[in-house]
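Could you slot chain B onto chain A? The hints should help.
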Amino acid sequence: MTSFSPLPYATIPAGDEALRSEVKAFLAEALAAMPPEKRARSWMGSDPAFSRALGRRGWLGLSLPKRYGGAERGFFARFVIAEELLAAGAPVAAHWITDRQSGPLILRYGTEAQRQSYLPKISAGEMFFCIGMSEPNSGSDLASVRTRAEPLPGGGYRLNGRKIWTSNAAICDAMIALVRTSGTIEDRQRGLSQVIVDLKQPGISIRPIRDLSGDAHFAEVTFDDVVLPADALIGEEGAGWEQVNAELAFERSGPERILSSMVLVDTWLGYLKSLPARSRDDVVLVGRLAAHLASLRALSLSVTASLVAGDSPVVHAALVKDLGTTYEQMIPAAISAAIAADPEASPPDALMRTLAYTVSMAPSFSLRGGTREILRGMIARGIGLR
Amino acid sequence: MTDTLIADTADRLMAEIVTPAAVRGLKDRVSAAPVWASLAESGFLDALVAEAQGGAGLSCAETLPVLLATGRHALPLPLAATMAARAAIASAGEAIPEGIIAIAASARSDDDVLLAQVPAGEFADMVLVPDGDGAILLSADAASLETTGEGTFCRMRWRGANGPRLPGFDALLTGARIEAAEMAGAMEAMFATTLRYANDRSQFGKPIGKFQAVQQQLAVMTELVHGARAAANLAACAPTGMEAVAAAKVTVGEAAAEVAAIAHAVHGAIGMTEELDLHLLSDRLRRGRLRYGSERYWAERLGTAVLGSGQATMLDFVRTRIFL
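Which chain is which? The protein sequence lines are A and B, in order. Under my numbering, the first residue of the first sequence is numbered 1, with each subsequent residue one higher. Under my numbering, the first residue of the second sequence is numbered 1001, with each subsequent residue one higher.
Chain B extracted, bound-state conformation:
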């Protein structure tokens, strides 16, 4: 599949299945089932699984358009996480389970109780939970689940957790990379919506997009959206590189705050209504910034790497550690 073909297919699929009404209705595993069934039919689930293991053998860079499309439609289900998890499970030689797989951001053990913070955990059949320098695959049915009430993540608790182990799987890094890509997509949709509104809405006898003050804001939004896309691209091209993923989460996270603010500023009061779909995107960005480490967390890791590296200059570091 070529790049545009994947992008077109993903866009069509999301537009058809992941409608604003569908997104509003997604609350738990039960409500997720019909949407998930349609997504599973698409064939994207095994896009990253190696060809020898029955998948399409695509790279993260090649599947980036799918993540951008899920972000553009503010899909709350962990489609990209399931794709990444299935590939990792297959490559570890384990059997790929049915259903939705979420990736936990962190976990800690207390006696024989394992407590994990799981974005999109309320939809998950299975969860990949960090464990030492890898992850273990656990069934959601065996966990008790507690939501925070605002959709960022769930707290899931297993007693005597046991499941197949995936050595080397970096759950936090994988989650951050996916989140950055979907946020970049959400920002693209936010930009398109805001641009349309600026052209449609008239005040003082002309579209508000004719006013320089509004134009300058939309120009800034354009820049941030392009920058976020470039950052998501870098991470997709170096998916296991801490530096590239950190750079993406920082750039995208910082841009998200500003992009959402401009989108709402241009929309005015109508943007604050439940009825308008804009908040589905701003809420997607809010959750994205909070999941898998914020820009501050990743900036600190990246900064530590810069200061600890033997590279002579900042440019040398960025060139050799992020552009792979």
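Just chain A, same shape as in the assembly:
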């Protein structure tokens, strides 16, 4: 066999599993009035008040230590809560990226002062971060970023440049941006650093970008001579590339790479159950959806266990994301075919709206967080082909 072996099978510890019923009860009440086509937005739907409500219940910052306001419960507790939030279609976008990767990043690379300053607010749902990676001319080729943080003589940086496709920039307090602090674009991965940018300061303009469904969750963020203090730097100067890559294991392996179409699945299941009879094709599709969800969940849990052990399973995470998003994209296509298999059927409007939204957004599932082609390139390197 190759060096790229499967990770061991992992299960959720009982103590973390115990969180589930509490979360379910909370969500049943909080989302009672929310129609499926809204819930289908999954982790693209945002409601800062909802995120703060989760923070009050202690369901944010689950992997962060108690001394920074976290729950010190670890990644499996977060897995349980994430699963329930996503399956229900809760509007989690405001805190999602912050909780998933900004918190763990600051804990891992931040100074003590940075940890004390940011982590308690993250755990309380009072501070939201966005991630500044892509630029107008730097997409999949992330090492080509041009946004520059020029070191100033007395310490600190002057920031100029532009980030794009930044999710939720308009409602976030700060951005963790990958920028060039030394060298030129030819230096590629060298000379890149991560900086925390307060988005409320002068010199920053945020232009929301409307997506094809009519939402405006992502934005273009322009920096025009923005002055950053010395402690804006997170981690080491010049180590931005390595830090960003470590973050990707958190970003790519979780339930959000499996469950993006799950509100559609459950809405369709509800419709099927309401029918007097179901076609054999429909029953087979339901079974296939269950089967693949099971194996994907097992893979995702294995990666979670690896994160708990302190490893950075970047290639396994890429594998889960590609396989998971393929599943997420198969769902709206297959359910479209199933629903219209009988031209005389009259499916509920809410189901049709949920389907329309999910079909229209499905292409993004394998774009966000690293495209399918980039991930497969990473896997190819992982198995020793590059």
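Incorrect hints may have been included.
Stated by the list, open to error - A few chain B residues that don't get close to chain A, going by computed Cβ distances all over 10 Å: (1) Leu1013; (2) Ala1198; (3) Glu1295.
Stated by the list, open to error - Where chain B lies over chain A, by a calculated footprint (3+ residues, C-beta under 8 Å): (4) 257-267; (5) 318-329.
To be clear, the hints were calculated from the coordinates, so they are not data collected in a lab. For every residue, glycine included, the Cβ atom is placed at its ideal position computed from N, Cα and C.
Here is chain B on its own, set in the frame of chain A:
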């Protein structure tokens, strides 16, 4: 025995005994005898038999590495079926018979004639045949045997069949679980072979594995192999659960079709030759998909269970019925 110890032992044993030449030579009970004698010496036969009944008392999950190894070497003999059968026979308080035991996928009775569809039946000394909500253990010597000519299963016919009864033994489910695990193993071997070939074979002045089009295919293959292994694992951890076994047979069966296609695409013409061992694995996958219900059969059963369950969501169903 620890997990890795079992895996290492099984791998060594199979590499030594189940060579491609040996696999090519396995046609019937006579040709199976010497290979089986070596396998029987290994001590794996009673791995699943309870300690109180003289076995090693291992779980299905603990013996999964043995099934993966038999799959990696495309062993056509029903080693895993014999292991499962011996444990079930012992736990029913019956005497464990000598020899190879196959597990029938289905059976029907007509007057006093019992007709069963038996994967690997051509090698079997004994057969466990579905009977109501259990199975009966029958001697192959008492049956007339008819092969389909392509190795998927035999049709075996008993007149006035009679043998010890194993209440509660689900032959189809057991067979499907074993098949899924061995197929996951066969896919691992197929992947390793294909990866090696992509690194060795040069065209346009460089190994074909340097081309992105080939890399992307091997990346997909990696994903499918990992997914199949995870599914086989789930079934091994819940071996009597219809839902987990169904999920495994569906995931593994669908992956098998794609994995075999990629393996052959990357190998090109050489992969179509008798000489190369690749076809031993692709043929193993072909047989596996056809045995004990295809992915469509199990998807329908699983889908029926989802729609009939009181679970509020798909995730709730999967969580509570498959992850045990």
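Okay, the hints, checked on the actual structure:
1. Listed as a non-interface residue, Leu1013 of chain B keeps its Cβ farther than 10 Å from every Cβ of chain A; the least gap is roughly 16 Å.
2. Against chain A, the non-interface label of Ala1198 of chain B is violated: not every CB pair exceeds 10 Å, the least being about 7 Å.
3. With a least CB separation of 8 Å from chain A, Glu1295 of chain B falls inside the 10 Å interface cut-off, contrary to its annotation.
4. Figure legend: the region 257-267 of chain A, annotated as covered by chain B; annotation consistent (4 residues with Cβ-Cβ distances under 8 Å, at least 3 required).
5. Remark: the region 318-329 of chain A is confirmed as covered by chain B, as 3 of its residues place a Cβ nearer than 8 Å to a Cβ of that chain, reaching the required three.
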